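Asker: So the chains spell out like this:
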Amino acid sequence: MSRVGALARAEGTLLRRDPMALITAIGVPVIFVPLLAWSGIYDDNSGGLVAALIAVTILCSAYINLVTALVARRESHVLKRLQTGELRDSEILLGTAAPAIALTWGQSLVGGVLVVALIGALGGSDIPLAAVAVLLGTAVFVLLAIVSTAFTRTPELAQVTTLPGYLIPLFLSGVMFPLDAFPDWVQAVAPYSPLNPVVDLLTIALAGSRGPVLAPLAILVGWLVLSGFAARRWFRWDVRR
Amino acid sequence: MTETAAVEVSDLWRSYKGFDAVRGVSLTVRRGELFALLGTNGAGKTSALEVIEGLAPPTKGTVRVLGHDPMRERSKVRPHTAVMLQEGGLQAGLTVTETLRMWAGTLTRSRPIDEVMDLVDLRDRARVIVRQLSGGERRRLDLALAIVGKPEILFLDEPTAGLDPESRARTWLLVRELLASGVTVLMTTHHLHEAERLADRLAILHHGVVVREGTPTQVAAAHAHRVVFRTRRALPSLIGTVDVVGDTVTVTTTDVPATLAVLDAWEPGLEVSSRPATLEEAFLEIAAGVAA
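Protein chains in written order, with the numbering used here: chain A, 2 to 242; chain B, 208 to 499.
Okay, chain A solo, but in the shape it has when bound (with noise of 0.2 angstroms):
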């Protein structure tokens, strides 16, 4: 593990030198949460509020920011010549991804801190299933941000192509605008877009709402599987020639 730190510490220092990656990660769920706050939907609900900071927080801070990193260090042959070194490809991806990672599980503790200070307690307390949530949600967004640097040729144009990447799944996942706003067959395929199970165990895990726990749970396992697949077949290491 000591191999990854090294690579995890240079990356954390990089990060805190780049102004604009800080202002996607840390500025957008700042923003995000008293507007949603003010939106009226978390009335008295601050663990559907949580829910929605930490979701909101895994696109930023995990998603978008991880998908600009990974194609600047591809494209400036940063990822080609950790290759040629002793870390094993899973550890320069795991160190490369870790200040974004741990910057996700920071925001989201110091949120949901923040949120109870400031509107009240949350109705639920099952904080292992809150932590399983927000481990196989990271999970999977950092593997679809490995995914979306496939097709992502410069960091200039991820912030075009983590668009769909981003607002699909947050539409989808009901903590914008209710779900029940939207047609019948988008009911329908919300539960099984990558974030909505997320929140889904979340909300029953902070807020003491009720629902089927496997279903979600077995739904981002199938992500996992998914974008772990993708993202071993089409991640490129180097410039294409």
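Since the hints were made in silico from the structure, they are not lab data. Treat the hints with care, as some may be off.
Said to hold, decoys possible - Simulated pairs of lysine to any residue, SDA-like, Cα-Cα distance not exceeding 25 angstroms:
1. K224/B to D239/A
2. K267/B to V416/B
3. K267/B to F236/A
4. K224/B to L119/A
5. K357/B to E420/B
6. K267/B to R234/A
7. K224/B to W235/A
8. K283/B to R233/A
9. K283/B to D90/A
10. K224/B to A232/A
11. K283/B to S3/A
12. K283/B to R4/A
13. K357/B to G6/A
14. K283/B to D239/A
15. K224/B to E294/B
16. K283/B to R89/A
17. K357/B to A7/A
18. K267/B to Y223/B
Just so it is clear, the structure is predicted and the values come from calculations on it, not from any experiment.
Take the given structure of chain A and dock chain B to it, following the hints.
Answerer: Frame of chain A, contents of chain B only:
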């Protein structure tokens, strides 16, 4: 794999979208030697080297580094090898020290970072961000990353490209020191004089094929000799190519005794010198498609 071989390549092919960049290359790099891979741009040097380094799979053929497949048995090979890539791969936002510290942290064994910075003359640039380094300084940092892990085999892809003469001389001195300590070096270069002086053996690639292999002397000897003399007289019929600059005549010939005999008969007592082709002359002939 022979005991003395550090690298063995057998019938290596590498193709991209139907284009064969490397076509049936076979070569052996012995332990402790400097083996130079020469060729014009697009000859297939980097394509071959990337497969040998384990960065790309061969389309066909086998590569063994210290007896292992460098791609499939990466974990067995990597602790013993280091690579200096032809193109960047440095994190532009880190300082020289941070870059070296990060890289050293990923290795099984490493030299002290200060020692490595001294070796490549970057100590006074330790706190400078990589994007603010000159091209030559970045190249020296590339080399620093390659040697920080005390490798047994060093792969250098154009190690002196973009360096000023002083940095180039310093780099070659360092390479010589590494060779003296038993490190095996496989490198590509465009600097033929340096390859001629430093390489124990070399191979010249042309259109993806090894067209010459051996010591620099052997490779040059396989090409036509140069017979040089001075005259202003009309020349006799000579075997070979004749070049006249002022009153100096250079005859490029594969049959030196016959040429000397013709000249002796034409002008007895003519002062004639003869020398083998230089590596550069041999290389240029190969690049121009002239068979020896």
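Asker: Next, verify each hint and record whether it holds.
Answerer: Hints versus structure:
1. Our distance criterion of 25 angstroms between C-alpha atoms is met by K224/B and D239/A, whose separation comes to about 16 angstroms.
2. Between K267/B and V416/B, the direct Cα distance comes to roughly 14 angstroms. Compliance with the 25 angstroms bound is thereby established for this hinted pair.
3. Under the criterion of a C-alpha separation no larger than 25 angstroms, the hint pairing K267/B with F236/A is consistent with the structure, at around 23 angstroms.
4. At most 25 angstroms may separate the alpha-carbon atoms for a hinted pair to count; K224/B and L119/A exceed this at roughly 60 angstroms.
5. For the given pair, K357/B sits about 29 angstroms from E420/B by alpha-carbon distance, which is inconsistent with the 25 angstroms threshold.
6. At roughly 21 angstroms between alpha-carbon atoms, K267/B and R234/A fall within 25 angstroms of each other, so this suggested pair holds.
7. Between K224/B and W235/A, the direct Cα distance comes to roughly 17 angstroms. Compliance with the 25 angstroms bound is thereby established for this hinted pair.
8. A distance of roughly 22 angstroms separates the Cα atoms of K283/B and R233/A; the hinted pair therefore holds under the 25 angstroms criterion.
9. Distance restraint check for K283/B and D90/A: the Cα-Cα separation of roughly 15 angstroms lies within the 25 angstroms cut-off, and the hinted pair is therefore satisfied.
10. A C-alpha spacing of about 22 angstroms is found between K224/B and A232/A, which places the hinted pair at or below 25 angstroms, so the restraint holds.
11. With a C-alpha separation of about 19 angstroms, the suggested pair K283/B and S3/A falls inside the 25 angstroms cut-off, and the hint holds.
12. Restraint check for K283/B and R4/A: the C-alpha separation of about 16 angstroms stays at or below 25 angstroms, so the hint holds.
13. Among the hinted pairs, K357/B with G6/A is consistent with the structure: their alpha-carbon atoms are about 21 angstroms apart, no more than 25 angstroms.
14. With a C-alpha separation of about 23 angstroms, the suggested pair K283/B and D239/A falls inside the 25 angstroms cut-off, and the hint holds.
15. Under the criterion of a C-alpha separation no larger than 25 angstroms, the hint pairing K224/B with E294/B is consistent with the structure, at around 22 angstroms.
16. Annotation: proposed proximity of K283/B to R89/A holds, straight-line Cα distance about 12 angstroms (limit 25 angstroms).
17. Proximity of K357/B to A7/A is assessed by CA-CA distance (about 18 angstroms); at most 25 angstroms being required, the pair is judged to hold.
18. Restraint check for K267/B and Y223/B: the C-alpha separation of about 12 angstroms stays at or below 25 angstroms, so the hint holds.
Checked against the numbered hints given earlier, the structure breaks hints 4 and 5 and satisfies all the rest.
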